[in-house]
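Protein chains: 2
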Amino acid sequence: MIIAVDAMGGDFSPQATVQGSIDALKRSNKELDIILLGDEKRINNILKSEFPKNIKIVHCIDEVTMHDIGSKILRTKPESSMVRGIKLLKDDKADAFISAGNTGAQLAASRLILGKISHVKRPGLAVYFQALNEKKILCDVGANLEVKPEHLLQFAIMSSVYLYHVEGVKNPKIGLINIGEEPNKGTEIHQQAYELLSKELSNFIGNIESRNFFDSQAHVLVCDGFVGNTMMKFAEGCFTTFTEMVRNNIMSKARYKIGAGMIKPALDALRPYYDFEEHGGTPFLGVNGISISCHGASTAKAIMNSIFLAEKSIRKNLTNDISIGIDKHLGAIS
Amino acid sequence: MIIAVDAMGGDFSPQATVQGSIDALKRSNKELDIILLGDEKRINNILKSEFPKNIKIVHCIDEVTMHDIGSKILRTKPESSMVRGIKLLKDDKADAFISAGNTGAQLAASRLILGKISHVKRPGLAVYFQALNEKKILCDVGANLEVKPEHLLQFAIMSSVYLYHVEGVKNPKIGLINIGEEPNKGTEIHQQAYELLSKELSNFIGNIESRNFFDSQAHVLVCDGFVGNTMMKFAEGCFTTFTEMVRNNIMSKARYKIGAGMIKPALDALRPYYDFEEHGGTPFLGVNGISISCHGASTAKAIMNSIFLAEKSIRKNLTNDISIGIDKHLGAIS
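Listed in order, the protein sequences are those of chains A and B.
With the first letter of the first sequence counted as 1, position 180 gets the number 180 in this note's numbering; the numbers rise by one all the way through.
To get this note's numbering, take the position in the second sequence, counting from 1, and add 334.
Bound conformation, chain A alone (with noise of 0.2 Å):
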């Protein structure tokens, strides 16, 4: 399989991007080619000696960067990294594309260059969290500010694919993230999407307060995009704030400086619970192709991550399973 990895994008590019291609290609047992989209020279400098042979690269004159305009791209920068890798994807070049830039503009041109996959109405961007002892997802966490009961349907649905092909859940527990767990909590959107959801999904356990996020039985949560990425941000200020806050006070007090060097160890576990990094990035569900969206900080071990969830959605087929499970449940949405 071909994987094109955009090796500009993101903030510590093409270092991290390059790099984490090498990596990938070291400890893959699978055959794996990587085209690297980017600028050659500043690609071949961090390459030099080492050139995997199943590294391709393709110049490329221009690249996206935060301040674009993701609906502009494709008009504005057809010679970027970015554009071009969507267009490789789009041509059966690449059975995958990833990327650490702009995720506006990922989004915006995925959906614009591959298209959405027959009847996805939304596609959605999801995001893991690390509950105590399994990983839940969240999903839409920025793709749709505003949506109606039948995309929630639909996150739901294309989360759950996903959830089951790389971590292998089955029918994962649905949650819809709510102010009270009552039927009736919420605006009319989250009152009619309850009742969708019963309908239409087995596995529905009903709405979940953020304050059991964490500990509630689902394993996919459903939200508005507004909503989830202002939750997936805060759970990132409240875990930041929390260490820091710790650190303030055992750092006031000599014997709470010996205490802190015992228990450092059992601090750094938590980082897995804010540090989206480490579990590389999301494909955006419903899009026609495995277009994956990695955080802007990623290093070069998210983005090997990132090539390995990619290999891996390509091999269990998600964007067919994806089509399948929406066509499932077709007559609910109108």
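Hint data in this document are derived by calculation from the structure and do not stem from the laboratory.
Note that the structure is a prediction, hence the values are computed from the model and not measured.
Be careful, since some hints might not be right.
[What the hints assert, rightly or not] Here are the simulated PhoX-like cross-link-like pairs (lysine-lysine), alpha carbons at most 20 Å apart as the crow flies:
no.: 1; chain 1: B; residue 1: 382; chain 2: B; residue 2: 424
no.: 2; chain 1: B; residue 1: 598; chain 2: A; residue 2: 185
no.: 3; chain 1: B; residue 1: 519; chain 2: A; residue 2: 72
no.: 4; chain 1: A; residue 1: 90; chain 2: A; residue 2: 56
no.: 5; chain 1: A; residue 1: 135; chain 2: A; residue 2: 328
no.: 6; chain 1: B; residue 1: 364; chain 2: B; residue 2: 406
no.: 7; chain 1: A; residue 1: 301; chain 2: A; residue 2: 312
no.: 8; chain 1: B; residue 1: 406; chain 2: A; residue 2: 185
no.: 9; chain 1: B; residue 1: 375; chain 2: A; residue 2: 233
no.: 10; chain 1: A; residue 1: 328; chain 2: A; residue 2: 121
no.: 11; chain 1: B; residue 1: 427; chain 2: B; residue 2: 364
no.: 12; chain 1: B; residue 1: 382; chain 2: B; residue 2: 421
no.: 13; chain 1: B; residue 1: 598; chain 2: A; residue 2: 264
no.: 14; chain 1: A; residue 1: 233; chain 2: B; residue 2: 567
no.: 15; chain 1: B; residue 1: 455; chain 2: B; residue 2: 482
no.: 16; chain 1: B; residue 1: 364; chain 2: B; residue 2: 504
no.: 17; chain 1: B; residue 1: 406; chain 2: B; residue 2: 427
no.: 18; chain 1: B; residue 1: 411; chain 2: B; residue 2: 421
Please arrange chain B on chain A, whose structure you already have, making use of the hints.
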């Protein structure tokens, strides 16, 4: 001044409500009278011999439960401690009302009996957050699931008056919870709100992403009630999960345990971050009278703190100052 307390509201009532009232009377250096509304016999059992002379009981044969629907309690439970307490406030027989009971019911009854302060479009529910070195207010946290820009403007004004009264923060800085910092982020409502707040409030500092909630410069943060309620409860979920995970990790190894004992006070100091009881309740901002809603799990200490909060709000004339603040920006409200 006279403060009416719903003795029957909250998980630990009437024990916590009665004890909290006794404690407040003992510690207050102000001239203070308390009216306890509820089952006279049960209240007397707690007061026993130490019946303070500044306490009066108003016997009520009914009480509002968590299952009651807010908009209906005036009709279904006119003799409840909650409805009768708010009526005391309306009839100038009390200067403030406090309850740890059903928040939705208290809000509805307060709106219906007391009405709104002139020109207030929507009363808001605010909550305190403890940040590293200061308290922040988030409004709305559930009274209005959908809002217009003018509601957000009024939440900002009312919360600012409140924060100045209670914490002495002059000209608190205002932030708008959004998914990005740029003015064009969020839904149309957010974009319009950004514009309106920029125009009307000299101390508006722009959009704040939830990841920066705790370390931003803003003292008052406004959002719709769905997002605010989700954030409030998610903070609780994150901090609870965090401490639990630290604890689990610590208990897994003997040498961690020793360290843990040493840093326990540092962990305990995190409690105010997510323990909303500590702060006492908050008044419904914008209703025509001081009606304070406390957390359902309020302890005697939380009730006592809420009584002190009521005292301060009466003394500083919260209702009047909110009215002045609102009137200043009347031109901006359609």
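Structure-based check of each hint:
no.	hint	in the structure
1	B/382 <-> B/424	30 Å, violated
2	B/598 <-> A/185	38 Å, violated
3	B/519 <-> A/72	16 Å, holds
4	A/90 <-> A/56	18 Å, holds
5	A/135 <-> A/328	26 Å, violated
6	B/364 <-> B/406	37 Å, violated
7	A/301 <-> A/312	17 Å, holds
8	B/406 <-> A/185	16 Å, holds
9	B/375 <-> A/233	50 Å, violated
10	A/328 <-> A/121	14 Å, holds
11	B/427 <-> B/364	18 Å, holds
12	B/382 <-> B/421	27 Å, violated
13	B/598 <-> A/264	14 Å, holds
14	A/233 <-> B/567	14 Å, holds
15	B/455 <-> B/482	10 Å, holds
16	B/364 <-> B/504	25 Å, violated
17	B/406 <-> B/427	24 Å, violated
18	B/411 <-> B/421	13 Å, holds
Checked against the numbered hints above, the structure breaks hints 1, 2, 5, 6, 9, 12, 16 and 17 and satisfies the rest.
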